[in-house]
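Fit chain B to the supplied structure of chain A, relying on the hints for placement.
Residue numbers (our numbering), protein chains in the order written: chain A, 878 to 1027; chain B, 21 to 105.
No lab work stands behind these hints, which were simulated from the structure alone. It is possible that some hints are incorrect.
Below, in silico cross-link-like pairs of lysine to any residue (SDA-like), each with a Cα-Cα straight-line distance of 25 Å or less [to be verified]:
1) A:K1001 x B:V96
2) A:K895 x A:Q943
3) A:K1001 x B:R37
4) A:K1001 x B:F69
5) B:K22 x B:E40
6) A:K1001 x B:D87
7) A:K895 x B:K22
8) A:K1001 x B:A84
9) A:K1022 x B:P64
10) B:K22 x B:P100
11) A:K1001 x B:D43
12) A:K1001 x B:K22
13) A:K1001 x A:K895
14) A:K895 x B:G105
15) B:K22 x B:E63
16) A:K1001 x B:R32
17) A:K1001 x A:H977
18) A:K1001 x A:G910
19) A:K1022 x B:E39
20) A:K1001 x B:G93
21) A:K1001 x A:Q943
22) A:K1001 x B:A82
23) B:K22 x B:E39
24) B:K22 x B:D80
25) A:K1001 x B:V75
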Amino acid sequence: MAVRVQLEEFDVGAEIAKLRADPRVGAVASFIGVVRDVNDDAAIASMTLEHYPGMTERSLEAIVEQARSRWNVYDILVIHRIGELRPTDPIVLVIVTSAHRGDAFAACQFMMDYLKTDAPFWKKEATPEGARWVEARDSDDTARKRWESE
Amino acid sequence: MKLQVRYFAALRERVGRAEETVDIPDSIATVSDLRRALIARGEPWSGAFAETRRVRAAVDQAMAGDDAPLRDGVEVAFFPPVTGG
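If we strip away everything but chain A, and leave its shape as in the complex, we get:
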């Protein structure tokens, strides 16, 4: 289990290869979040990610622990980037390994839904009209709540 917060781009293939090396693994689920070139009808030239050092790592570790307690998973990796990113740049990577696909899929989606509402990152977008902070979406709260009733 590992969480990393870093400026540098990550190597998805290399990270999956490391987790897949465990011979018990029958399923690998991964999610990659990517910067888009448009948001709320404005062109996005770049975005800058701010975070709360210390709390960020603790909140990601807590999310990993919750996923581990809910599903049968072998390993989990979460990498979240900070700093300035541009359209097509990857922002976040979650990889889950398990024996069968159900646990890996569910744990991966659960962690992204929790990360969206619980991990202290904030995005500031550069648009033609100037820089603006991204507003949180109500749909993110809804996605998280879904897991509380299951």
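The following block gives chain B in isolation, referenced to the frame of chain A:
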């Protein structure tokens, strides 16, 4: 008691600083008490809290509700809803 108060994102920019040490009466017992005390100082805190939708808080780097208790030496952070991922 003395607390370390930190601000992030839009709130940090509007307050004009990332952190400050505040010396407050012991009667300030909770996160919402502290928020009220900061707003009572006037600008920039009053405007920053008024203009930021749904300000969230953390105490010692864990998400905290309005009723979360405070004690001497804790780190309290205020910030807008998070937007990572």
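Here is how each hint holds up against the structure:
With a C-alpha separation of about 23 Å, the suggested pairing of K1001 (chain A) with V96 (chain B) holds against the 25 Å cut-off. Under the criterion of a C-alpha separation no larger than 25 Å, the hint pairing K895 (chain A) with Q943 (chain A) is consistent with the structure, at around 23 Å. The hinted pair formed by K1001 (chain A) and R37 (chain B) meets the criterion: a straight-line CA distance of about 17 Å does not exceed 25 Å. Distance hint between K1001 (chain A) and F69 (chain B) is fulfilled; the C-alpha atoms sit about 19 Å from each other, no more than 25 Å.
Of the supplied pair hints, the one linking K22 (chain B) and E40 (chain B) holds, its CA atoms being roughly 10 Å apart against a limit of 25 Å. As the CA atoms of K1001 (chain A) and D87 (chain B) are separated by approximately 30 Å, the hinted pair breaks the 25 Å bound. Between K895 (chain A) and K22 (chain B), the direct Cα distance comes to roughly 47 Å. Violation of the 25 Å bound is thereby established for this hinted pair. The straight-line distance between the Cα atoms of K1001 (chain A) and A84 (chain B) is roughly 24 Å, inside the 25 Å bound, and the hint therefore holds.
In summary, the hint linking K1022 (chain A) to P64 (chain B) is not supported, as the alpha carbons are separated by about 35 Å, beyond the 25 Å threshold. Of the pairs offered as hints, the one joining K22 (chain B) and P100 (chain B) holds, with about 24 Å between alpha carbons and a cut-off of 25 Å not exceeded. Our distance criterion of 25 Å between C-alpha atoms is broken by K1001 (chain A) and D43 (chain B), whose separation comes to about 32 Å. Only pairs whose Cα atoms come within 25 Å are accepted, and K1001 (chain A) paired with K22 (chain B) is rejected, the gap being roughly 32 Å.
Simply put, K1001 (chain A) and K895 (chain A) have alpha-carbon atoms about 33 Å apart, too far for the 25 Å limit, and the pair is violated. With a C-alpha separation of about 23 Å, the suggested pairing of K895 (chain A) with G105 (chain B) holds against the 25 Å cut-off. Between K22 (chain B) and E63 (chain B) the CA atoms are separated by roughly 21 Å; this keeps the pair inside 25 Å, and the hint holds. Distance restraint check for K1001 (chain A) and R32 (chain B): the Cα-Cα separation of roughly 13 Å lies within the 25 Å cut-off, and the hinted pair is therefore satisfied.
For the suggested pair K1001 (chain A) and H977 (chain A), the alpha carbons sit about 38 Å apart, so the restraint of at most 25 Å is broken. For a cut-off of 25 Å, the pair hint linking K1001 (chain A) to G910 (chain A) stands: about 16 Å separates their Cα positions. For a cut-off of 25 Å, the pair hint linking K1022 (chain A) to E39 (chain B) is broken: about 32 Å separates their Cα positions. A distance of roughly 31 Å separates the Cα atoms of K1001 (chain A) and G93 (chain B); the hinted pair therefore is violated under the 25 Å criterion.
Straight-line distance between C-alpha atoms of K1001 (chain A) and Q943 (chain A) comes to about 29 Å, which puts the hinted pair past the 25 Å bound. With a C-alpha separation of about 23 Å, the suggested pair K1001 (chain A) and A82 (chain B) falls inside the 25 Å cut-off, and the hint holds. As the CA atoms of K22 (chain B) and E39 (chain B) are separated by approximately 13 Å, the hinted pair is consistent with the 25 Å bound. Of the pairs offered as hints, the one joining K22 (chain B) and D80 (chain B) holds, with about 14 Å between alpha carbons and a cut-off of 25 Å not exceeded.
For the hint linking K1001 (chain A) to V75 (chain B), the alpha-carbon distance of about 17 Å falls within 25 Å, and the restraint holds.
Hints 6, 7, 9, 11, 12, 13, 17, 19, 20, 21 from the earlier list are contradicted by this structure; the remaining hints agree with it.
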